[in-house]
Amino acid sequence: MTAANVRQIVLDIISDIAPDEDVTVIDDKKSLREQLDLDSMDFLDIVMELRKRHKVEVPQEDYPKLATLDSCVAYLSPKFA
Amino acid sequence: MNYDAIVIGAGMSGLAAGIRLAMFDKKVVILEKHTIPGGLNSYYQRRNFEKGGIRQFDVGLHALTNYIKKGEKGKPFSKLLKQLRLSYDDFKLCPQTHSKILFPNIELKFSNDFELLQNEVSEKFPHQIDSFVKLVEKVQSFNELDLSIGYSSSRSTLKSLFSDELLIEMLLCPLLIYGSAWEDDMDFAQFVIMFKSLYFEGFSRPEGGVRTIISLLIKKLEDVGGEIRFKAAVNEILTKDGKAIGVNVGGEELFAPVVLSSIGYPETVRMTKSLESLVTPRVGAMTFLESIFVFDKKIPLNQNESTITFYNDAAKYSYRPATNYFDARSAVVCFPDNYESLKTEGEGTVRITFMANYAQWRELSREGYDAKKEQVSESALALINKLAPQFDGKVLFKDIFSPMTIERYTWHLNGTVYGSIDKTRDGTTPVPGLFIIGTDQGFLGIVGSILSGISMANLHGLMGPGTET
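In order, the protein sequence lines correspond to chains A and B. Quick note on numbering: our numbering labels position 71 of the first sequence as 832, and the sequence is numbered without any gaps. Quick note on numbering: our numbering labels position 206 of the second sequence as 226, and the sequence is numbered without any gaps.
Hints may contain errors.
Claimed, not checked - Derived coverage of chain A by chain B (criterion: at least 3 residues anywhere in the stretch with Cβ under 8 Å from a Cβ of chain B; other residues may be distant): (1) 778-785; (2) 801-812.
Stated by the list, open to error - Derived, one-sided and incomplete: chain B residues facing chain A with beta-carbon distance under 8 Å: (3) F44; (4) D45; (5) Q76; (6) K93; (7) R290.
No wet-lab data here; the hints were simulated from the structure. Beta carbons are placed, not taken as given, at the ideal position from N, Cα and C, and that holds for glycine.
The shape of chain A in the complex, shown without the other chains:
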């Protein structure tokens, strides 16, 4: 799976859990939390949706690795390989 695919998977999940957010203007290098109205509960939902839709497990200690879109892609890509 390409980096672009993984990026899109994350964006699709964010669009579903926070339908009011505009995901087209996200800066991939900046913290998602600073750009969108996402709290720790929403990050849990990102993790839960990754598990539910793609059978990808993110242990709790790795949650900080989902901070930016870039870090999401870097961390998740090997799991989708």
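With chain A's structure known, arrange chain B on it following the hints.
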């Protein structure tokens, strides 16, 4: 039968927890003892054929706190919408006009715009406005969602800020009676939750009352595949080697590594043999009487403009069990017709809450009970007359429920409404796998209870040890 999680009680917190778990493919069942959902925020109907047929009533709902406008972010209500994937519009919220705290010769109005309260304080307590601003800053910067903070007295915090005791009493009055399990005081974390939900955010009422919320939750639970059983009374929470393993419900054993109980902390302890020797949460003393009157017409806005009046007839507010069955010196008077967009012609409704005394009501004979309810009715009508003296509507119907009614339908020991004075903020109990959700976890009101169910399901059902699928 084996489940991933069992939820006891189909009140607001139980339904929310069930939804969250089922949403992420946990096999979950909600067990409800009653025939209908809602718990302390349920509904009922009364037949009264000569005077208008069947009327629907909410059990407890005066107001839904934590009001937000559509699109507002980062608030408890918006978190709830996102976590349960519900739409703002489905709640059909009708905001309040304003509410007021009415003490002898002085009142403070507040609304869904915080500026009103700030202006009222500045006008009526000009010497205290700087302290009020400090309190507001303290409330804003306080993280009430931190599950590790212990009890601290709100009164002592307020006394360190304000020199005028009347203002302390007035500010505390709505916050205490809308959520405190403690007498005359409340935990400061709870004070902050209540201050934000009542004064910063404010009141609304869903069109259709509490049924609207319950139907949304039940529908969502069905959509995500959660199971719910009614008339399913749990007799015992089963443990093995000190851990929760399931429940016995009407003789049937159901097994799950996670049991979330919304029935109250002391009530949960009573059901769990191995827990009784480990912890003894105290039963709260605060219980109430609710009188509901239906009139042949609404009270015109020019005779009573406020939605909820927090009434007290002395400079000091006494929040404790009544010494003589009920205490008519203070009350919460809700005029549900004064929620915006509900101002249609037709019957008018007023709801009045008095503090009560469980032990005294329990001792009454059948005749004594009825006679005492009649006294409550007279006091309540006298208060309506005091608040809207020109109103000449005729009573078509009245219904009064007592601490005994609350105990009978909610199974809360001593008819408590705000639960135990010993909360377990992170939901844990000395028995691993058994968790408390709802009022005794410490989040308050309908929005609070739903968030309690959500956050405890997240913490102990989705993230906790052994929850990987």
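query: Against the structure shown, which of the earlier numbered hints fail to hold, in ascending order?
result: 5 and 7
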